[in-house]
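Novice: Listed below are the residues making up each chain.
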Amino acid sequence: MPFKRTPQQFAASIKEVTIGTGDKAVTLGGENVFPLYSFDAPISNPPKVGVEFSDTGPDRSVPGIAAFYAGADSLGDVAKRACDMPGADFVSLVLESADPNGDDMPIEECVALCREVAEAVSLPLVIQGSKNVEKDAKLFEKVAEALQGKNVLLMSAREDNHKAIAVAAVMAYGQKIGAESSVDINLAKQLNVLVSQLGIGGENVVMNLGTAAAGYGFEYVASTMDRVRGAALAQNDNMLQMPAITPVAGDAWSVKESVAPEEDFPEWGPAEQRGVSMEISTAASVLAAGANAVILRHPDSVAAVSKLVSELM
Amino acid sequence: MGKFITIGERIHCISPAIRAAMESKDPEPILKRAKEQLDAGAVYLDVNIGPAEKTGEDLMKWAVTLLQEHFDNVPLCLDTANKKAIAAGISVYNRAKGKPIVNSADAGDRISYLALAAENDAICISLCSKSGVPADNDERMAYCQEMLEYGTERGMEPEDLWFDPLCLVIKGMQDKQAEMLEFVRQLSDMGFNSVCGLSNVSNGMPKTVRPIMDSVMLAMAMQCGLTSAIVNPCDLRIMETVKSADIILNKTLYADSYLEL
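Going line by line, the protein sequences match chains A and Y.
Heads up: the first sequence begins at 10 in this note's numbering, then just goes up one per residue.
Heads up: the second sequence begins at 3 in this note's numbering, then just goes up one per residue.
In case anyone wonders, no lab produced these hints; they're calculated from the structure.
Cβ atoms here follow ideal geometry from the backbone N, Cα and C, with glycine treated the same way.
Treat the hints loosely; a few may be bogus.
Claimed, not checked - Computed footprint of chain Y on chain A, listed as stretches where at least three residues anywhere in the stretch have a Cβ under 8 Å from a Cβ of chain Y:
1. 188-198
2. 202-216
3. 242-255
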């Protein structure tokens with residue numbers, strides 16, 4: 010009997026979320042097929058690749074990153090340079106210095122940095138917080154206000170601060186938010202329910218389902234993302250139909266395989282190449298599991314992952 | 003198999019308020035009952051206009067348009083002995099949220115309702131009975147096969163025949179309940195959709211007892227594979243049961259607020 014291929018299209022689809030404004034705005038989601046299954050139905054918005062840098066600047070200890078940003082001294086210059094990275098669809102500023110357990114930069118100064126970056130960029134902007142629940146709630150409210158009209162994505166609204174962030178960012182200032190859960194499918198859904206109960210529609214929310222570097226509990230990340238996408242499409246669960254974004258860089262560049270010096274592990278080869286490999290393999294894996302966007306640091310990773318996406322579409 | 007489908011039963015001409023509203027074409031009482039049921043989580047709404055021999059076509063068109071315009075094309079179950087009225091209702095029905103359901107056919111005098119459903123690409127509630135209550139599951143299955151053959155010969159997909167095993171009142175027919183559940187299991191094993199008029203089981207019991215009996219029967223039937231039921235969605239206990247059973251049967255992903263969805 011000849012093989013008859015039946016395209017697996019769902020009646021449900023992932024909601025579209027647009028960040029940024031004008032020609033360079035990017036739209037995440039919209040597909041009604043499993044991740045990267047463009048052979049089942051066209052994927053109108055292929056996954057997007059973002060370039061991450063910290064508010065202290067890019068990680069210049071990595072030679073390829075240092076070389077790419079050479080001469081870009083102010084944060085505004087760094088942001089502008091990041092937009093020129095081949096393969097970049099958006100950029101992402103991490104407000105690392107805001108962390109109360111670290112530099113504890115005052116909110117006004119953080120807002121000023123965000124303004125500087127927002128003025129400099131030509132691509133849509135995604136802002137990652139300090140990872141401190143209380144600080145982020147206050148910080149994102151002010152950032153949302155300062156960047157009104159830019160349509161930025163503010164990561165991360167979590168269970169304990171989602172209300173303050175969602176109300177300020179989306180309802181008051183028209184920004185987008187990232188609903189962050191850490192590898193917990195039930196919490197991912199619950200957070201979307203809570204946000205929707207505030208009257209906020211799915212077109213304003215992107216999910217950050219949590220991440221891990223490949224080899225560091227990544228199988229939990231993959232199965233969570235698979236299950237979420239399966240429920241969204243096969244069970245038409247509208248509380249899980251938001252697109253997903255995965256900040257890959259932080260984990261990928263902090264595991265031993267990426268940071269151990271070559272002199273300690275000569276058989277592993279150059280550290281930079283290992284970090285790039287870790288970043289690419291993690292990004293490719295989350296894209297296969299359902300991420301609509303990944304955030305990376307190294308120019309080689311950005312180039313490789315954007316090439317992967319464009320060749321699969 | 004997807005989530006359990008609840009069909010709200012409260013737009014029924016047996017209710018004096020609804021009957022009066024249907025006679026005078028007063029939208030308010032009907033819209034109010036529709037909203038209550040949808041807010042409570044009903045998926046389909048049953049629209050029972052009674053026999054409506056003279057005015058049925060006009061009345062069903064009016065009711066379908068009224069409800070679908072007000073509630074984002076809510077899917078409806080058209081319930082009357084007047085076949086022309088069902089056809090008239092379907093002629094103005096919007097399928098954006100689901101096919102219309104014809105309520106109902108059986109293997110006896112009402113078998114032609116399946117032809118009506120086939121002609122109109124509708125789902126049809128198919129009672130596994132002919133004249134009176136089936137004696138046992140062999141009889142139920144024979145009627146089921148008769149209706150399946152009749153419907154599919156006329157172009158229906160088997161999944162559009164929603165077989166009703168016929169819930170029997172517990173008071174007086176207590177010994178028949180386990181058999182009815184077993185029949186739901188047989189339907190499920192064969193991959194068929196099923197439906198039942200749930201409140202029948204608790205007929206004649208005190209008001210305080212009925213929701214408990216109905217909910218437990220529903221949970222047991224869902225475990226046997228029941229895919230939908232005609233219920234009073236404003237009965238909180240029933241809706242909590244449906245939502246919880248959908249979680250336990252892994253039809254929908256759990257979240258702490260699942261009862262609010």
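Novice: Now, for every hint given, state plainly whether the structure supports it.
Specialist: Now the hints, each set against the structure:
no.: 1; hint: 188-198; in the structure: holds (count 4)
no.: 2; hint: 202-216; in the structure: holds (count 3)
no.: 3; hint: 242-255; in the structure: holds (count 5)
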